[in-house]
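J.: Chains as they are written, first to last, in our numbering: chain A, 1 to 95; chain B, 1 to 493; chain C, 1 to 484.
Some hints here could point you the wrong way.
As the list claims (entries may be wrong) - A partial selection of chain A residues facing chain B, derived with a Cβ cut-off under 10 Å:
#: 1; residue: ASN13
#: 2; residue: VAL38
#: 3; residue: GLU82
Claimed, not checked - Distance condition first, Cα-Cα at most 30 Å in a straight line; then the derived BS3-like pairs of lysine-lysine:
#: 4; chain 1: C; residue 1: LYS87; chain 2: A; residue 2: LYS26
#: 5; chain 1: B; residue 1: LYS287; chain 2: B; residue 2: LYS395
#: 6; chain 1: B; residue 1: LYS36; chain 2: B; residue 2: LYS112
#: 7; chain 1: A; residue 1: LYS9; chain 2: B; residue 2: LYS419
#: 8; chain 1: B; residue 1: LYS270; chain 2: A; residue 2: LYS9
#: 9; chain 1: A; residue 1: LYS18; chain 2: B; residue 2: LYS149
#: 10; chain 1: C; residue 1: LYS407; chain 2: C; residue 2: LYS374
#: 11; chain 1: A; residue 1: LYS42; chain 2: C; residue 2: LYS87
#: 12; chain 1: B; residue 1: LYS287; chain 2: B; residue 2: LYS270
#: 13; chain 1: A; residue 1: LYS18; chain 2: C; residue 2: LYS80
#: 14; chain 1: B; residue 1: LYS419; chain 2: B; residue 2: LYS149
#: 15; chain 1: B; residue 1: LYS112; chain 2: B; residue 2: LYS60
#: 16; chain 1: C; residue 1: LYS80; chain 2: B; residue 2: LYS394
#: 17; chain 1: C; residue 1: LYS87; chain 2: A; residue 2: LYS18
#: 18; chain 1: A; residue 1: LYS42; chain 2: B; residue 2: LYS395
#: 19; chain 1: A; residue 1: LYS9; chain 2: C; residue 2: LYS222
#: 20; chain 1: B; residue 1: LYS419; chain 2: A; residue 2: LYS18
#: 21; chain 1: C; residue 1: LYS146; chain 2: B; residue 2: LYS94
#: 22; chain 1: B; residue 1: LYS149; chain 2: B; residue 2: LYS36
#: 23; chain 1: A; residue 1: LYS26; chain 2: B; residue 2: LYS94
#: 24; chain 1: A; residue 1: LYS9; chain 2: C; residue 2: LYS87
#: 25; chain 1: A; residue 1: LYS42; chain 2: B; residue 2: LYS270
#: 26; chain 1: C; residue 1: LYS393; chain 2: C; residue 2: LYS462
#: 27; chain 1: C; residue 1: LYS393; chain 2: C; residue 2: LYS419
#: 28; chain 1: C; residue 1: LYS311; chain 2: C; residue 2: LYS366
#: 29; chain 1: C; residue 1: LYS146; chain 2: A; residue 2: LYS9
#: 30; chain 1: C; residue 1: LYS480; chain 2: C; residue 2: LYS453
#: 31; chain 1: C; residue 1: LYS393; chain 2: C; residue 2: LYS366
#: 32; chain 1: C; residue 1: LYS479; chain 2: C; residue 2: LYS446
#: 33; chain 1: C; residue 1: LYS87; chain 2: B; residue 2: LYS94
#: 34; chain 1: C; residue 1: LYS480; chain 2: C; residue 2: LYS449
#: 35; chain 1: C; residue 1: LYS311; chain 2: C; residue 2: LYS77
#: 36; chain 1: A; residue 1: LYS26; chain 2: B; residue 2: LYS419
#: 37; chain 1: A; residue 1: LYS42; chain 2: B; residue 2: LYS394
#: 38; chain 1: A; residue 1: LYS21; chain 2: B; residue 2: LYS94
#: 39; chain 1: B; residue 1: LYS419; chain 2: A; residue 2: LYS21
#: 40; chain 1: B; residue 1: LYS308; chain 2: B; residue 2: LYS270
Quick caveat, the hints were computed from the structure, so don't treat them as lab data. Ideal placement from N, C-alpha and C gives every residue a C-beta, glycine not left out.
Here's the letter readout for the chains.
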Amino acid sequence: MSFNEQTIKTIANLARLKFPKEDEAKFMADIDSILNWVEQLKGVDVTGIEPLVSVSPRENAIRSDVVTEGNIQSELMANAPESVQGFYEVPRMVE
Amino acid sequence: MTELVNLHISEALDLLNKKEISSVELTKAHLSEMEKARFLNAYITETPERALADAEASDKRRANGDSLGALDGIPIANKDLYCTAGIRTTAASKMLSHFVPPYESTVTQKLKDAGTVMLGKVNTDQFAMGGSTMTSYFGVTKNPWTDEKGEYSLVPGGSSGGSAAAVSAGLCMGATGSDTGGSIRQPASFCGITGIKPTYGRCSRYGIVAFASSLDQAGPMARSVKDCALMLREMAGADGHDSTVAELPVPDFTAALTGDIRGKKIGIPKEYRPDGLNAEVARVWDKGIQLLQDAGAEIVDISLPHTKYALPVYYIVACAEASSNLSRYDGVRYTERVSGHTLDEMYENTRTDGFGPEVIRRILLGTFVLSAGFYDAYYTRAQRVRRLIYEDFKKAFETVDAIVVPAAPTPALSYEAMKNMSPVDTYLGDVFTTPSSLAGVPSLSLPVGLSNTGLPIGLQIIGKHFDENTVFQVGDVLEKAAGFNLMPHRVKG
Amino acid sequence: MYTIHGKTGDWELVIGLEVHCQILSKSKVFSGASAEFGAEQNTHVSFIDAGFPGMLPKVNEKCIEQCVKTGFGLNAKINKYSRFDRKNYFYADLPQGYQISQLYHPIVGEGYIEVTTDEGTRRIGVERLHLEQDAGKSIHDMVPGKSLIDLNRCGVGLMEIVSKPDMHSPAEAGEYLRQLRAIVRALGTCDGNMDEGSMRCDVNVSVRKVGETTLRPRTEVKNVNSVRFVMQAVEFEANRQIDIYENGGTCQQETRLFDSVNVETRPMRSKENANDYRYFPDPDLLPVILTDEYIENIRQNLPELPEAKKKRYVEELGLTPYDASILTADHETSDYFETAIRGQDAKKVANWVMGDLFAYLNKSAKTISESPIKAEDLGALVGLIQDGTISGKIAKEVFEIMAETGKAPAVIVEEKGLKQVSDTGAIEALIADILSANMDKVAEIKAGKDKLKGWLVGQIMKASQGKVNPALANQLLNKKLEEV
Ligand SMILES: [Mg+2]
Ligand SMILES: [Zn+2]
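Make a model of the complete structure from these sequences and hints.
T.: What follows is the structure, encoded as structure tokens:
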């Protein structure tokens, strides 16, 4: 696997991260070496092995349909970097 | 009052109940010790006023004969990953450097309800990502144990390095930690204290800043097995907020501390003794095995064949989950915002500025292993190998009651040494702790010996799912047999 | 089969619909905040919905139940094992940076909806129904240079119902959506209000030459939010694609927006097409395991579904399949109809509902639940015709008055003296008068010009202002003519 310049650009964009050239090169090299190290997993025979998603012993953790929270507009807005009239404010989105 | 800051929780409770000391005295002793030890940078936020108010309230409860919590009056610290209502919670990041949660995590709430006194919030690797507490936005924490020259040049381990340092240096009697791939056990080993990562699903994750949801577990760190047992009992239990918490009764773990492990089968997996295992660590491990055998346990050689794959599996799974868990830090609803002309620019500016390099590295890796065309080769494969690791433990526990292995491949390393390490080399520090994280089994780390340069070395006792009792029972016997009751300043002194 | 004639030959359409239905529940799917529509901005929001650190989702049991119910409505396989996945993407109205959805193990599997159009009844395949959370809302025109975010809708439970690419005409696509809406409304799992956004539709369209067996690239038209728009979007999109092909071009898979003002679709400018959602199982949530007992219990308590109702209307009430499908299109209509037919001739009532009543409602822009004519009263009106109290013609007049006043038909007939004359003597006298005034016509009838009888009956009805029972008038006229 080679984690090249195009890959890091694509991945950084998906993760909404953006670096100057030198940082990008450093991260690229780091990830590339981690991926090379991870290659060893290719040696494990996993035929017929189900992926393990969770080690929690539970299933069906459900709650009943009751309104128990909400109405905290002022607390929400107090935490917001920018807000107006109870709305969160962000740079204008196209479309 | 150095005496007070050396007490175990169990001892302090005794003295408090006999009214020989007050919680205020105990708390003040710790607050003044904190002041003296600021150079360690164990705390990100100290909360002395809240602590004294908590302590006074506790003393009043005792004086009035009101009902008391199980840890009433005990001063503790919380890892700065736990949301604490009205008190800044940073996850040691710039991103959350001004975040004041309006809610309390379940675990810290339970400890509050148990009557504890909160001294403050302790340092951690940023978003719990790291094994040195060096990735904190608030600066490194120093290990209270010094090097051969008597200098504070060593890392406390991580990510619960602030917790470990504070407990070790007498800056609190116990602390909450969290463990995703060894973040309680490895710093406990580096700082010569005790900590347990309970079974996945024993404690609620509600209100803990998430790193990797399928692995994160809360756990206590303290100066004895009994103290950990006391704390865990208060921290654990079902919670309507977290679907993954087991709806099992929480036993009185201290009742398991019988001191008798005769006939217990202790497994020693050969895969934890690779060529080139640190000789000091090997020596302490052998010593531990001998002590357990002397106590009447039956030592059984076992195999956990997929052990060596745990580390890469861990980094794939943990980073994948982290990349998604950390998407919420986008500058819209809380966190610092760095503006931009478009929404995407604002996201990029905020996230690139708010996350440190190790966090970014892990987000990039996690994003990559989930991305189209690579998902099956990396993520799905890692989850399949995770099942093999899980099955290894399941099989082993058909024949043994507990497994004993080293907690970390080395004693505490120096900042100098760590600074120059490649990411992969630093990840190797988790080699002994990630297998039990992936399997979700409980694992206790306790100090058993010293290296020839005088640094603590810990061992792990790993048990079956939800069998913390056996883990504590074996740990308690080993602790007493090893007689490790050193505090760093005594070593220095 | 529906085809479009192009320069180069006949084209057929391949249409698939993805419909998002907001689940009717009190609280959101993963939090305890209210799921109610229309509150002040950011008030029906919890820290979970706003994606605060350390917050964890917890599944609302009602949402599970609503999905299972809807699954039955779609004649679909209920999956006993389902679980949640995260769909990762950044958007200002998506606080967690991911949407919790079900990609790998949806709660409901394959099913179908029966759709009746002019071309007959067809089963349109349903691929799946999965449970997911809704996003918030962005408002772009309030503050210059800014978008504002309201998270009230964020986290409301959604059922995404994905059809197979089984539809081949605008009418079929429209009817599928109409039927789907009827089903969720009958079940009470979604209110189906497309104008409030509680039901939203994405339309996938591709075209191919008649006879081709492979599919050409499709476009996905987003947010087409009415039955009419769906039909328009299909038609526009199909013609647009055919034009491109016929002019030597090629189509690409892309996402487009429907512009209902100009009735056209246009490409989306966002990076939507370049997204990589990085789905993976959500580690915060556990699998949902449904027992046979749970599923059976829901099945046994289902209300009658539109399809079963339709069948019943055809088989038991003798309606045509087309009429039955119209009367079962929504439960307000079928409820009205079923109330109206109590003790009455169902077919006659059906004609009145679909004829005069629908025409009136249409003209006055009212829904059937707003009808001033109560279902019982419409039934009673049919009853009055049937028992000969009034004629069909008078009934139309009574209907008008009912619509204006909301009064019961018997009352109107009484007040206005519209009762049909059945008194033989009075009618005979009337006929005698008319015959003597038209002896020339009588002579012609006698000479064999039978058609003129109808004209005479008309004269009788006119003279009686329609109050004479026409059958009786006919009978007495014949008798009188013989006597002459
Ligand atoms: Mg879709
Ligand atoms: Zn969807």
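J.: Determine for every hint whether it applies to the structure shown.
T.: Here is what the structure says about each hint:
Hint status for ASN13 of chain A relative to chain B: holds, with the closest Cβ pair at about 8 Å, below 10 Å. Nearest Cβ of chain B to the Cβ of VAL38 of chain A: about 4 Å, under the 10 Å cut. The hint holds. Annotation: interface hint on GLU82 of chain A holds; nearest CB of chain B at approximately 7 Å, less than 10 Å. Proposed proximity of LYS87 of chain C and LYS26 of chain A is supported: the alpha carbons are some 29 Å apart, at most 30 Å.
At most 30 Å may separate the alpha-carbon atoms for a hinted pair to count; LYS287 of chain B and LYS395 of chain B meet this at roughly 26 Å. A hinted pair counts as satisfied when its Cα atoms are at most 30 Å apart, and LYS36 of chain B with LYS112 of chain B qualifies at roughly 26 Å. Using a Cα cut-off of 30 Å, the hinted pair LYS9 of chain A and LYS419 of chain B holds, with the two alpha carbons roughly 27 Å apart. Distance restraint check for LYS270 of chain B and LYS9 of chain A: the Cα-Cα separation of roughly 43 Å exceeds the 30 Å cut-off, and the hinted pair is therefore not satisfied.
Simply put, LYS18 of chain A and LYS149 of chain B have alpha-carbon atoms about 43 Å apart, too far for the 30 Å limit, and the pair is violated. Distance hint between LYS407 of chain C and LYS374 of chain C is fulfilled; the C-alpha atoms sit about 9 Å from each other, no more than 30 Å. Straight-line distance between C-alpha atoms of LYS42 of chain A and LYS87 of chain C comes to about 27 Å, which keeps the hinted pair within the 30 Å bound. Distance hint between LYS287 of chain B and LYS270 of chain B is fulfilled; the C-alpha atoms sit about 16 Å from each other, no more than 30 Å.
Between LYS18 of chain A and LYS80 of chain C the CA atoms are separated by roughly 44 Å; this puts the pair beyond 30 Å, and the hint is violated. Straight-line distance between C-alpha atoms of LYS419 of chain B and LYS149 of chain B comes to about 20 Å, which keeps the hinted pair within the 30 Å bound. Only pairs whose Cα atoms come within 30 Å are accepted, and LYS112 of chain B paired with LYS60 of chain B is accepted, the gap being roughly 16 Å. Restraint check for LYS80 of chain C and LYS394 of chain B: the C-alpha separation of about 27 Å stays at or below 30 Å, so the hint holds.
Our distance criterion of 30 Å between C-alpha atoms is met by LYS87 of chain C and LYS18 of chain A, whose separation comes to about 22 Å. Restraint check for LYS42 of chain A and LYS395 of chain B: satisfied, since their Cα atoms lie roughly 23 Å apart, inside the 30 Å limit. Taking the CA atoms of LYS9 of chain A and LYS222 of chain C, the gap is about 29 Å. The hint holds against a cut of 30 Å. For the hint pairing LYS419 of chain B with LYS18 of chain A, the CA-to-CA distance comes to about 24 Å; that is within 30 Å, so the pair holds.
Restraint check for LYS146 of chain C and LYS94 of chain B: the C-alpha separation of about 26 Å stays at or below 30 Å, so the hint holds. Annotation: proposed proximity of LYS149 of chain B to LYS36 of chain B holds, straight-line Cα distance about 21 Å (limit 30 Å). Annotation: proposed proximity of LYS26 of chain A to LYS94 of chain B holds, straight-line Cα distance about 21 Å (limit 30 Å). At roughly 21 Å between alpha-carbon atoms, LYS9 of chain A and LYS87 of chain C fall within 30 Å of each other, so this suggested pair holds.
Restraint check for LYS42 of chain A and LYS270 of chain B: the C-alpha separation of about 23 Å stays at or below 30 Å, so the hint holds. For the suggested pair LYS393 of chain C and LYS462 of chain C, the alpha carbons sit about 12 Å apart, so the restraint of at most 30 Å is met. Between LYS393 of chain C and LYS419 of chain C the CA atoms are separated by roughly 12 Å; this keeps the pair inside 30 Å, and the hint holds. Between LYS311 of chain C and LYS366 of chain C the CA atoms are separated by roughly 28 Å; this keeps the pair inside 30 Å, and the hint holds.
Restraint check for LYS146 of chain C and LYS9 of chain A: the C-alpha separation of about 27 Å stays at or below 30 Å, so the hint holds. For a cut-off of 30 Å, the pair hint linking LYS480 of chain C to LYS453 of chain C stands: about 12 Å separates their Cα positions. Straight-line distance between C-alpha atoms of LYS393 of chain C and LYS366 of chain C comes to about 25 Å, which keeps the hinted pair within the 30 Å bound. For the proposed pair LYS479 of chain C and LYS446 of chain C, the alpha carbon gap of about 13 Å is at most 30 Å, so the pair holds.
The straight-line distance between the Cα atoms of LYS87 of chain C and LYS94 of chain B is roughly 27 Å, inside the 30 Å bound, and the hint therefore holds. Our distance criterion of 30 Å between C-alpha atoms is met by LYS480 of chain C and LYS449 of chain C, whose separation comes to about 16 Å. With a C-alpha separation of about 22 Å, the suggested pair LYS311 of chain C and LYS77 of chain C falls inside the 30 Å cut-off, and the hint holds. A C-alpha spacing of about 15 Å is found between LYS26 of chain A and LYS419 of chain B, which places the hinted pair at or below 30 Å, so the restraint holds.
Note on LYS42 of chain A and LYS394 of chain B: the hinted pairing holds, with a Cα-Cα distance of about 23 Å set against a maximum of 30 Å. Between LYS21 of chain A and LYS94 of chain B the alpha-carbon distance is near 22 Å, which keeps this suggested pair within the 30 Å criterion. Note on LYS419 of chain B and LYS21 of chain A: the hinted pairing holds, with a Cα-Cα distance of about 22 Å set against a maximum of 30 Å. As the CA atoms of LYS308 of chain B and LYS270 of chain B are separated by approximately 11 Å, the hinted pair is consistent with the 30 Å bound.
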